[in-house]
Every structure is written in structure tokens, then in C-alpha cells.
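Chains as they are written, first to last, in my numbering: chain G, 61 to 213; chain B, 839 to 953.
Hints are computed from structural coordinates only; laboratory data are not their basis. Fair warning: there could be bad hints in the mix.
Derived list of chain G stretches under chain B, where covered just means 3 residues or more per stretch with a C-beta under 8 Å from a C-beta of chain B [to be verified]:
1. 126 to 135
2. 138 to 150
So the derived list for chain B, only partly shown, Cβ under 7 Å to chain G, looks like this [what the hints assert, rightly or not]:
3. S845
4. F877
5. L881
6. V884
7. Q904
8. R906
9. W921
10. I922
11. F933
12. R935
13. A937
Ideal placement from N, C-alpha and C gives every residue a C-beta, glycine not left out.
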Amino acid sequence: MTMRSAQHATFTIERVFDAPVAKVYAAFATEQGKSRWFAGHGKWEPIERLFDFRVGGRERVKGKWTAGDVTDFDCTYRDIVPEQRIVYTYDLYHNGNKLSVSLATILFESRGNGTHLSVTEQGVFLDGYDDAGSRERGTRQLMEALAASLQSG
Amino acid sequence: MPPDQLSATFAALADPTRRAILARLATGEASVQELAEPFDISLPAVSRHLKVLEHAGLISRSRQAQWRPCRIEAAPLRTAQDWIAERQAAWEQNFDRLAAYLAGIPDPKDTGDQS
């Protein structure tokens, strides 16, 4: 029995980077640049990688973590204004289950010699987790949250 | 997660018997009798614990099968708030790596399998 649900969520995070806009933008717009920092680092074995940076083009980062979890970021670029903004939509999968569908907006703004970057994600989070592994993970996270709250209390 | 839900969740988890029941249910569905087995308490006492867990939304009980199996429910544990927290944390880590990359510093956590 799968319990169907859809919850909406939005967040923005911002940071100022000590590099000119052209350099920060290149870290998003080129496969070489983006592979240096975006997702799937460390204990991660790549399964699939696509990078087609143009409107309508697709990016995919699918891989397996040492723990055995497989995550899949499946993205389509929707709007690109060089050195100003990138808009894309993406599906996020965990072990083959679609967790969320999101719209991401990345804005680049020159700030002195640096770059102000903002990322806003608007998403719909689907069905919670219904498989046994995720239930266990959810429980473990709750236990950890409980332990942390007891320590801080 | 609304605060009342969180309070119900934590109150339900404040009892060692109920935590043991949840740990058992994390491995699969079970009947009240099966859940009662490891404990030196009566079936009605186990049922009271199950009611607390059910009220907190941590378990559900099937109305279809006659033995009314209990199962653990992840829904209260996994909300949109968790999604936001996970995605934000992912971006914070990405930003840390991006800042290091832009500064020309190799990331010590990067084992090189992506580069």
C-alpha cells in the first residue's frame, strides 16, 4: 500500500563568492567546471552523467553511494541568460523512487570584485518514503534528532 | 512538521517499550501478539502503547486483515521541512566546494573519482 502525498516547499540560499561573475558562471555552464563541485563527490560511484548546457538540454548525475543508495538528478535547462541567470527543472530520485520535482532559479550578480549568487528552489515533495529502507532511515533520523534535542536540552 | 505533531512524536518516543516496538516494526509488519512477545507485560498494556504510537502517527494498523497488523509510518518523520533541510544542506556543501574550486584549492574530501 503506497500512501500518495504531495507537499510544496520553497527555499532560497545565497552566498557571495570571491571571484568575478564570468568565473562563477563558468562553474555552472561548463561540464569541467561543474563536475568540480556539483553533487556526487567523495564516497560516490558515477553511473550516468549527461551535460548539455543549453535551453532544452539535459543534465544528469546518477550514482551510487558507498552505503548502497542510488541517487539520480535528472535536469532540463529552461532559461539561460549568460552571467545573469539559469533556470532549470529537475526530478530527484532515490533508489528509483521519485522524491521531488523542482524548479530552480540561479541568479548571478556582480558584487565588487566578487559575485552574489542566489539559488531558489520551488518543489513538490512526493509520497514521503514508503519502502522499508527509507522507513528505517526515517526512524533512525528521528532517533538522532531525539538524541540531539536531549543533549541540547 | 507542526509543533503539536512534533510533541506527540517525541512523547511517544519517550518510552523505552514504545521505542522497542518501533525498532521491531522497522523490520516489518507485526501483530499485537508478536509485538508483546519480548515484553513481560500484558496484551492490554501493549495495546495502550500501540494507541499512543498510532495517535502520534508513527504506526498504522490495518483494518482489513483480522489480525490487524501494525506497521511503522514514515510520514510524520519525512515532511516538506525535511526536504528543504536536505536540499539546503546539499547546496551549502556544493557552495563550499564551489568556493574552494574558485579559489583554486583542491577539495580534500574529493577523492578524485569525478575529476
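Unsatisfied constraints (hint numbers, rising): 1, 2, 3, 4, 5, 6, 7, 8
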